[in-house]
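There are 2 protein chains.
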Amino acid sequence: MSDELLKPLLRRDPIVGRWVISGRVDKNWTPEELKKFVEKHEKTGKNCPFCPGNEKMTPPEIMADRPQGGHPDTPGWRVRVVPNKYPALKIEGDLDKRGIGLYDMSNGIGAHEVIIETPDHFSEFADMSVDQIQKVIVAYKTRCLDLKKDPRFKYLLIFKNYGKVAGASLEHPHSQLIALPIVPKRVREELKGAHRYFDYRDRCIFCDIIQQELYDRIRIVADNANFLAIAPFVSRFPFEIWILPYNHSSDFSEIEGDEIADLAQILKESLYRLKMALDDPPYNFIIHSAPVGDSNSEYYHWHIEIMPKIIKVAGFEWGSGFYINPTPPELATEYLKAVEYK
Amino acid sequence: MSDELLKPLLRRDPIVGRWVISGRVDKNWTPEELKKFVEKHEKTGKNCPFCPGNEKMTPPEIMADRPQGGHPDTPGWRVRVVPNKYPALKIEGDLDKRGIGLYDMSNGIGAHEVIIETPDHFSEFADMSVDQIQKVIVAYKTRCLDLKKDPRFKYLLIFKNYGKVAGASLEHPHSQLIALPIVPKRVREELKGAHRYFDYRDRCIFCDIIQQELYDRIRIVADNANFLAIAPFVSRFPFEIWILPYNHSSDFSEIEGDEIADLAQILKESLYRLKMALDDPPYNFIIHSAPVGDSNSEYYHWHIEIMPKIIKVAGFEWGSGFYINPTPPELATEYLKAVEYK
Numbered sequence: 616m617s618d619e620l621l622k623p624l625l626r627r628d629p630i631v632g633r634w635v636i637s638g639r640v641d642k643n644w645t646p647e648e649l650k651k652f653v654e655k656h657e658k659t660g661k662n663c664p665f666c667p668g669n670e671k672m673t674p675p676e677i678m679a680d681r682p683q684g685g686h687p688d689t690p691g692w693r694v695r696v697v698p699n700k701y702p703a704l705k706i707e708g709d710l711d712k713r714g715i716g717l718y719d720m721s722n723g724i725g726a727h728e729v730i731i732e733t734p735d736h737f738s739e740f741a742d743m744s745v746d747q748i749q750k751v752i753v754a755y756k757t758r759c760l761d762l763k764k765d766p767r768f769k770y771l772l773i774f775k776n777y778g779k780v781a782g783a784s785l786e787h788p789h790s791q792l793i794a795l796p797i798v799p800k801r802v803r804e805e806l807k808g809a810h811r812y813f814d815y816r817d818r819c820i821f822c823d824i825i826q827q828e829l830y831d832r833i834r835i836v837a838d839n840a841n842f843l844a845i846a847p848f849v850s851r852f853p854f855e856i857w858i859l860p861y862n863h864s865s866d867f868s869e870i871e872g873d874e875i876a877d878l879a880q881i882l883k884e885s886l887y888r889l890k891m892a893l894d895d896p897p898y899n900f901i902i903h904s905a906p907v908g909d910s911n912s913e914y915y916h917w918h919i920e921i922m923p924k925i926i927k928v929a930g931f932e933w934g935s936g937f938y939i940n941p942t943p944p945e946l947a948t949e950y951l952k953a954v955e956y957k
Numbered sequence: 616m617s618d619e620l621l622k623p624l625l626r627r628d629p630i631v632g633r634w635v636i637s638g639r640v641d642k643n644w645t646p647e648e649l650k651k652f653v654e655k656h657e658k659t660g661k662n663c664p665f666c667p668g669n670e671k672m673t674p675p676e677i678m679a680d681r682p683q684g685g686h687p688d689t690p691g692w693r694v695r696v697v698p699n700k701y702p703a704l705k706i707e708g709d710l711d712k713r714g715i716g717l718y719d720m721s722n723g724i725g726a727h728e729v730i731i732e733t734p735d736h737f738s739e740f741a742d743m744s745v746d747q748i749q750k751v752i753v754a755y756k757t758r759c760l761d762l763k764k765d766p767r768f769k770y771l772l773i774f775k776n777y778g779k780v781a782g783a784s785l786e787h788p789h790s791q792l793i794a795l796p797i798v799p800k801r802v803r804e805e806l807k808g809a810h811r812y813f814d815y816r817d818r819c820i821f822c823d824i825i826q827q828e829l830y831d832r833i834r835i836v837a838d839n840a841n842f843l844a845i846a847p848f849v850s851r852f853p854f855e856i857w858i859l860p861y862n863h864s865s866d867f868s869e870i871e872g873d874e875i876a877d878l879a880q881i882l883k884e885s886l887y888r889l890k891m892a893l894d895d896p897p898y899n900f901i902i903h904s905a906p907v908g909d910s911n912s913e914y915y916h917w918h919i920e921i922m923p924k925i926i927k928v929a930g931f932e933w934g935s936g937f938y939i940n941p942t943p944p945e946l947a948t949e950y951l952k953a954v955e956y957k
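First to last, the sequence lines map onto chains A and B. With the first letter of the first sequence counted as 1, position 126 gets the number 741 in the numbering used here; the numbers rise by one all the way through. With the first letter of the second sequence counted as 1, position 47 gets the number 662 in the numbering used here; the numbers rise by one all the way through.
Bound conformation, chain A alone:
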C-alpha cells in the first residue's frame, strides 16, 4: 500500500465533489480506538410488534413470503412488509406545490413501508443465511416494482438503520422503504456529478471506479461474480463500505437471477466483516438507485452505501459538508480483510 495514503490527506469525491479529511495528524484510528465509541445495544425481544404471533400489532400487511400459504397477518411468513405505523408521509392526496410568502411547500404525500427481514428477533444480516437475505432482496424489488406504478412517486429510497445510535427505534431486524413525490437534493447532486463525468468522458464514473479499484487492489473488501465491495477512496466515515454491481445498471429493481444471490452473499460478508472488525457497530445502509422513470441511464449506476455510525457527526461536518475521517479507507480495508470469513 502506498504510505502516502496513510498520511492526513484532503480527498475529493469524484462524483459529488465532497471533500473529506482522511487520516489524523497524530495517529490514524484503528479498530481498537474506534471500538471505544461503539455503544452496546442489548436486545430484549419483549413486546415486539414484528415477532410472529404479534401480527395484529402492525397495520395490515402489504405482502409476505409464506412458503406454506396461510392467511395474511398470521404467523408462517419468512419476510413480511407492512406500512409504517407512524409514517413520515401519508399515502393519500396529491403533491400540490404552492408558495407561502417567500417559502415553498406541499402536502407531505408518499409511502412509508417496513420490511421485516426475518421472524427471528435476534438474527441480523451479518449472521442470517444467504438464502434468507435473498428473500429480503426479493421483497425490496417486489415493492419497488409495485410502487413505481404510482405516477405520484418520483423516488424510492430503501434503507436500514441498525442499532439505536443509527436511528433504529425497534430492535427486530427490519429495513424501510420510502416513496417520495420529489427527487431529493442529495440524489440530484449525485446524478448531476455522474452526468458531468459522462459528458466529459462518455463513460460511467461508477464503472470507472470499479476498474480503478480492481487495478489498485488496496480498497477491496469483498467480491464475487457479480459484485464488488470497496472501502471508497473518499470514505466519509471510518469503515464505510460501498457495494457495486459489475454490470452497469442504473436501477436496483432490475436486479435478477444470480445477481440476487450474489448481492445477498456480498451484503452478508461485508456486514459480517464490519461486525467482527468493530465489535458490532451501529450502521445505516442505503440503496442508491436512479429516480423512477430515469432507469436505463448510461451515466448512473445503482449501488449500496454502508455507513458505520461510530463517531458522532459534529458541528464541523454539518456546517460544511466537509467530513473528518480518522481512519483512511486503505487501513480500514486491511482490518476488514483480516476478519476470517467462512
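Keep in mind that the hints were calculated from the coordinates and are not lab data. A few of these clues could be false.
When chains are identical, the list treats them as one kind, so a pair holds in a single copy or across two.
As the list claims (entries may be wrong) - Computed cross-link-like contacts, DSS-like style, restricted to lysine-lysine with a CA-CA straight-line distance of at most 27 Å:
hint : residue 1 : residue 2
1    : 651       : 807
2    : 712       : 671
3    : 658       : 890
4    : 700       : 890
5    : 764       : 705
6    : 658       : 800
7    : 650       : 769
8    : 890       : 764
9    : 769       : 807
10   : 750       : 661
11   : 642       : 671
12   : 705       : 890
13   : 890       : 756
14   : 642       : 712
15   : 700       : 642
16   : 807       : 642
17   : 705       : 642
18   : 779       : 764
Knowing the structure of chain A, use the given hints to seat chain B on it.
Leaving out everything else, chain B in the frame of chain A:
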C-alpha cells in the same frame, strides 16, 4: 398561527433547495416527547486541560484575554485560544492538489484552534454573563482577522459542539475554529442558492427572510436592536434556531460596536430558551460567513445556525438530504417563547 403549518408538510428551503418533512401524520412532537431523547451529560470537572492551573496541558496559547496582564499559559485569563492538540489539519505545508488515478487529493493543511470560553468548567452560554459571551465573540473575531492574512486559507469555520451526543469530546465550555484551504461544498451550495435569488430579485434572500418573518411573526424566538432569532421555516431539526443580523453584511468578522453586545445577548437568550424548553439538550452551532476574500458580497448574509441534536439523523436523511422534522417550527417557537427569560 395558521393551522395549515401544523399539518404534515413538505417544505422547501429557498436558499439551498433542501426539502424537509415538517410535522407528523400522527402527532407533532412537543417538548415532552422530545425530552425523552435528551441524553444527560453530567460534568465531572476532573483532569480538565482547559481549567485554570492546567495551562501546560494544552499547546502554547495563541491569544488570551488577561485583564491583569500576566504570562502566557498561566492563570488569570478570561478567554483563551489554543491550537487543537489533535488537529484535523496541520498548519505547515502547501495545498498541492494532485490526481491519483481517477481520484483527487491534496495535503491536509489548515488551522484548528480551540476557543476556551470561560475559566469556569461548569458554566455555559445559556448561563454565562452577556459580558463574558462578548469576550468570546471578540476572540472569534480577532482570530478570524488574523487567519485571514494567511493566503492559503479560503474559509474560516467557527462552531461549537455542546454535549457528547453533539460531538463534544471535552466538557469544559469551548468552541472551535477551523481554517480551510478550500471552500467546502455545503458552503458553496448556500452561496450559489443565495446568488441565484439575487440574480432574479436583486435582493439578498436573507434580508427578505428577515422581512417575511417580521411580517408573519409566528417564528420569532427573540430579537433586539441588531439581531433577529427565528425558528426557520425549513427547520431540519426540532427546535432549530437561526440568528441573523438586521444589517446586511456577508462577513462575520466585520461585526463591531453594539452589534457585539447584541449578538452576545441574543445568543445567550436563544440558548437559554432552548435549554429550558428541552431539558438541556445537546446542540451544535455554526457561524455561516462568506469565504475569505469574498466579503462585501451583496447576496450573502452571515448568520448563526443552532441545531439541537435530540433525535438521531438516520439512514433516510443521509441518503437523501431530505430531513424529517416531527416538530413544526411554529410549534417550537411557541414553546421557546413560553420560557420565562429575565
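Cross-check of the supplied hints:
1. 651 - 807: neither (38 Å within a copy, 40 Å between copies)
2. 712 - 671: Neither. Shortest intra-copy (36 Å) and inter-copy (59 Å) distances fail the 27 Å Cα cut-off.
3. 658 - 890: within (16 Å within a copy, 32 Å between copies)
4. 700 - 890: neither (30 Å within a copy, 31 Å between copies)
5. 764 - 705: For residue 764 and residue 705, the Cα distance is within 27 Å only inside one copy (17 Å; across copies 53 Å).
6. 658 - 800: neither (35 Å within a copy, 39 Å between copies)
7. 650 - 769: Answer is neither: 39 Å inside a copy and 35 Å across each miss the 27 Å cutoff.
8. 890 - 764: neither (37 Å within a copy, 47 Å between copies)
9. 769 - 807: This pair counts as both: shortest intra-copy Cα distance 16 Å, inter-copy 25 Å.
10. 750 - 661: Close inside one copy (25 Å), not across copies (53 Å); limit 27 Å.
11. 642 - 671: Between copies, since 22 Å is at most 27 Å while 52 Å is not.
12. 705 - 890: This pair counts as neither: shortest intra-copy Cα distance 35 Å, inter-copy 33 Å.
13. 890 - 756: Classified as within: same-chain Cα gap 26 Å, cross-chain 45 Å, threshold 27 Å.
14. 642 - 712: For residue 642 and residue 712, the Cα distance is within 27 Å only across copies (23 Å; inside one copy 50 Å).
15. 700 - 642: between (46 Å within a copy, 12 Å between copies)
16. 807 - 642: Intra 36 Å, inter 36 Å, cutoff 27 Å: neither.
17. 705 - 642: Close across copies (13 Å), not inside one copy (48 Å); limit 27 Å.
18. 779 - 764: neither (34 Å within a copy, 45 Å between copies)
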